[in-house]
Each structure stands twice: as structure tokens, then as C-alpha cells.
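Using the sequences and the hints, build the whole thing.
From first to last, the protein sequence lines are chains A and B.
Per our numbering, numbering of the first sequence is gapless, rising by one per residue and ending at 328.
Per our numbering, numbering of the second sequence is gapless, rising by one per residue and ending at 342.
Hints were generated in silico from the structure; no laboratory data involved.
Accuracy of the hints is not assured; some may be wrong.
Under the rule of at most 25 Å between Cα atoms (straight-line distance), these lysine to aspartate or glutamate pairs were calculated in the DMTMM-like manner [what the hints assert, rightly or not]:
| hint | chain 1 | residue 1 | chain 2 | residue 2 |
| --- | --- | --- | --- | --- |
| 1 | A | Lys-159 | A | Asp-52 |
| 2 | A | Lys-159 | A | Asp-144 |
| 3 | A | Lys-159 | B | Asp-48 |
| 4 | B | Lys-102 | B | Glu-337 |
| 5 | A | Lys-159 | B | Asp-304 |
| 6 | A | Lys-159 | A | Glu-180 |
Every value quoted in this text rests on a predicted model; they were computed, and no experiment measured them.
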Amino acid sequence: MKEPAGPGRWQALVLQVVLVAAVLGAGWWVVEQALATLRARGVHSGFDFLRDAAGFEISEGWLAFDSTQPFWRAFLAGLVNTVRAAVPATVIAIVLGTLLGVARLTPHRLVRGLASLYVQTLRNVPLLVLLLLMYFALTHLLPDPEHAVQLLPGVSLGKSGLVLPWPVHAEAGWTLEWPEQTLFGVSGGASLSPEYLAITLALGLYTAAYVAEIVRAGIESVGSGQVLAAQALGLPPGPVMRLVVLPQALRLIVPALTSQVLSLVKNSSLAVAIGYPELVSIANTSLNATGRPFECIAVVMAVYLALSLLIALAMQVYNSRVALRGWS
Amino acid sequence: MNGGWRSELFGGPLRALATVVLAAAGLWLAFLLLRWGVAHAVFRPDADACRAAAGACWGVIAEKWRPIVFGRYPYDAQWRPAVAATLLLATTLLSAWPRAWKPWLLPLWLVSVAVGGLLMRGGAFGLALVPTAQWGGLPLTIGLAVAGLALAFPLALLLALGRRSRWPAMRTLAGTYVELVRGVPLISVLFTASFLLPLLWPAGWRPDVLLRVLIGLVVFVAAYLAEVIRGGLQAVPRGQADAAMALGFSRWAVQRDIVLPQALRLTIPAIVNVVVGTLKDTSLVTVVGLFELTGALGLALGGDPVWRAFYLEGYLFIALVYWVLCYGLSRYGRWVEGRSAS
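Structure (C-alpha cells):
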């Protein structure tokens, strides 16, 4: 739309300046007011606390942490734990979701019905309820660690989580360490806590229902004429899917999938409800320990925004490739 | 694929094998579920029988349904939230009916929200005062979702129009808001609301939890709703606005009378998705200390050593409640979509 000439343009400019000033002023007032209240309570503000000793333990994670280490390292450990839960959950969601999405389109009534039963059940229940249910099942309905269920040799599932063999680096190179039953429980190998299993499974299974709908819509969007034409050229069903349908469907699927992955990462914050020490949970603990709500929340928001941008960027690079190949 | 279900299920040996295997697995699973949930289940509120049984203990629902459904609301006054929630649901159902989309709907909403709020809170007409901290359960879930969406809608409308404004400053502000809020999880927005807002109030006066949570929810939902409405605005063909301008409509009249009505009609299915999402998201407020349906379950069972072992049945029960509400909503969305398409 063209800018109106003459006085209207100045009017618009002035109004915009007033608008921006009003918003900035309101923001400044909020910050000032909050800081004043905090000062009155004797709380210091600023990010200097990040270097202080945290004083709390983190129960699990890839990044070793103890209570004498500073807050910034606690936040980092929390972020690592977020990634540790989100990555396997994304893999579960995409693999299971794709299978379900394709299953909802097969010409086999039973397969279609079962897949749509899954999707309709999971989409209409809050993730938090699913997560709490799974956590309860993992911690209360499974047998005690001494009587853990042997799934595979060396892999057992019990109230204390999943125990499995893990490669360790010894003097003689890499060896597989097998878990052993001792008097005080299981030692050796790696063990995944019930909190970790619950958040990963719940996130993966829940998001899979959404991915299934995206995959289905993507495949359905490819006109039936395309499939018929490919069949007329004598292509068997596999190559029809791989060479004709998928390249076109992906163009629709990838952007929608990006936003699902983003919401999966954001949803991993629900782990705070079951005590898995991811970023939000660590921030919450730090907030209670330091009484600096601003700073802790700012760290969380900054990290999530950065993660969102990063994932969006990566998917965009991928998407531009997919789109170009289709058009050339 | 003509030939109907017989060729679908048994056309060819591989397909027949798949059918038989799947049917067997499905039947076996259904058998196990029925045995657990019906045949061996205990329906009486009898904890000893429950512990002895090999099946589900639905007795926990029979025993605890009042605290699960109504939370900490005083027992004798629980008819009040029941009536309030029914009133809100009835108004929502009426609003879902396209023929009722008339101007009198707005005053009706105001009246039903006011009456519902009065019933919940009391303190007048001989109703005892019940502070918001004692509200809970399903009425709170429904109330939060309805109030959150209703308050978020005007904000979302402003944001959506703002993102398409001619003024770059307006576009930047609206865009920044939407992207910032959509980039962070709801939990951190709720934490922000519950820690930041008390700092802004004058000393000695704390805003109650419900208000804080509601503000956080509105801030969050508005960003998602704004994107949906913006999508609808973009879908209205340019020619519509141009034609209206040529007819001499003012800029606001073009938006109000020509573009928005069409855009909102187009976005109803997407808005229904946001409504379902909001209804499910209300479960998160339990993390900041408000006991809606999910929180009320924890409250009802967690503090009772006799029934604590039967959380699974409790979760399944509230999952069913959520499922009925959300599935109903999404069926409605599908119906409106089909209606407007024809």
C-alpha cells in the first residue's frame, strides 16, 4: 500500500514514535518497579550469581555436576539434559509418526483403524497427564530392582529404571561393561532413570501422533494424477513413493515437522513435573536458591529462543534443498 | 481398490496374513484390557477388595470423584462450581452453533461469565465467600480455558492486524511479541507471571494465584491465536480489500466489515485447534500451584495413603474426561470445516 503524501505521513510517523515510546516506557516501568521491589527486599540483582557455587546436586545427566560448581555450569548441565531427552524423543516421534502416517493411508482397513485409534487417543489427552501416567507406571507398577524384568541379556527394566551394558574405556581399549546384580542393587553398565524414560517416551509417543497427521496430509496433498501417471509409466509401488510422491510431499511436510520438533523441545520443560533435571527444572531450583527470578527466567528464555532459532535455521537449510530439487 | 472390505482384508496371501496377525494381536490386547478393566476390576469403593483384586480398581473413582472433579472447593458448596461450569459449557455449545452467531451472543457471554464467577466466588446473595485459592478441579479447567481464550482473543486480533499494519514500528512490535512468546515454553511464561507480577504490585498486596496464572495463559495463547488469525487474513483475496476501498470504505471499515468476517470464518478450524491446545495446556497450571483437574487428582490421591496406590486408574479417568472434551471439540471443528466448504 502506498504511503499517503503530505501531512498524513507526518502524522503516521509521529504516531509510530509515540507508540514505540509508550511500549518502551511501559517495559522500563515494569523493570524499574520490579527492581525497586527486589531492592526493598534486600535482593541484589545482576548475573554475577552465575559464578557462585550452586549448592545443590543434580541427580543425573551427561555433564558431571556437584554442588560446589557454579550456577552457570548447573544451567549448562540442565541444557544438556534437555537435549539428552529431546533428541531420542524426536527420533521416536519421527520414526513412529511416519509409520503411523503411512499406515493411515494404506488400503488395509485394520491397519488404518489401529493407526487412527492411536492418533485420536494421543492427540486428545494432555501431554502432562500422559507423562504423569507413564512416570507412575514406571516407578510403581514395575517390579523392584532385585526382580527387574530381563528384556534382553544384560538389559533389565525395574522400578529404578532401565539398566543396560555400556561401553567403557579401559586400558585395554573399549570394552562392554555388563551390569551385575550385587547385594546393594545393580552396579556397572549404564542405567537410565525412570524420570528420563518417562519424559523421553511420553514426548516421543505424544509427538508421534502429530507427526502422523503431518505425514498423512503431506502425502495426501500429492495429486492422485501424479501416482496414476507414475503407475502408467510402469513404476512399481516402491519407486512411486520414493521418486514421485515423497519428494513432493516433503515440501509440505518439512516446515510443519519443524514446528513439531520445536514444540517437542519446548514441551520437554514439562519434565519439571516429575523431577527430571532439565533446564527449566534447574532454573526453578536456582530461582528458589538465589531469589533472583528475573535472571533465572531470562537465562531460560534466552536459551529456548536460541534453540528455536537454531532448529528453525537447520530445517530451513534442509527445506530449501528439498524445495529446489523439486523445482529444477 | 474396488471389491470392498473383503479384498481389502484378504486380497492376496500377504495381506491375509497381515490381517490375521493384526487381528489376533488386537483381540489379545483387547482381551487383556477387558480382563483387567472389567472382569477382574473392583467397582466398589473398597480399598481391601481393590488390593486383593487382579484387575483395575475403579473403586478409587467412586470414592474420590468429588475431590478429583471439584478440587479443594468446600464440599457442601460444590453444586456452585457444577452449575457455573455447566453454564459456561452450555454457552459454549450454543456459540458453536452457526445459526446462533448473532449480536446477542456477546451480552449472553458477559451474563454467563458474570453469573458463573459470582457462583464460584460467592460473598453475595447469601452465598459464602470461597477464595480463588480453593477453586479447583474440572470447573477450574473449563473456566481457565474459556477465560484465557476470551481474554486472549482481542489481544490476538490486535496483534494479527498489527503484523499486517502499514506502520513498520507496529509490524516490528507485534512480530517481536508473537515470535518471543512462541519461542518459549508455556511453563516458563507461567513461572514468569507467578514470580514477576507480585513484584509489580504495591507492597503488602499480592495478586492472587488465579489472576497471575490467567495473565500468563492469556499472554501465551494470544501469540498462537494471533498467528492463526493472521493466516486467515492473508487468505482473504487482495481484491476484496481493493474493491471495498474503491467503493469508498475507510481503512478501518475495510478491515472490520470486509476482511475480518471472511478471515475469521476461514480460520474456525484452526481456532478450534488452538482451543483444544489451550484446554490441554491448562493442565500445566498445576506446576505453579493451582489445582485444576490434573492437580486435583494429585491432591485427592497423594495425601491419602489408603488410595495412593491407585493413581493409574485416576490418571485414566481424567484422561478420559480430557479426551471427551477435546475429541468433541475437534469433531466440531471438522464439522464446521465441512459446512463452510460445501
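Between Lys-159 (chain A) and Glu-180 (chain A), is the straight-line Cα distance small enough, at 25 Å or below?
Since the Cα atoms of Lys-159 (chain A) and Glu-180 (chain A) sit roughly 16 Å apart, the hinted pair holds (cutoff 25 Å).
Please work out if Lys-102 (chain B) and Glu-337 (chain B) have their alpha carbons no farther apart than 25 Å.
holds, 20 Å
Need the status of pair Lys-159 (chain A), Asp-144 (chain A): alpha-carbon distance at most 25 Å?
holds, 5 Å
Against the 25 Å threshold, does the CA-CA distance of Lys-159 (chain A) and Asp-52 (chain A) hold or violate the hint?
At roughly 36 Å apart (the allowed maximum being 25 Å), Asp-52 (chain A) and Lys-159 (chain A) break the hint.
Given hint Asp-304 (chain B) paired with Lys-159 (chain A) - CA-CA distance at most 25 Å
holds, 22 Å
Given pair status - Asp-48 (chain B), Lys-159 (chain A), alpha carbons within 25 Å
Between Lys-159 (chain A) and Asp-48 (chain B) the Cα gap is close to 24 Å, so the pair holds against 25 Å.
In this structure, only the earlier hint numbered 1 is contradicted, and the remaining ones agree with it.
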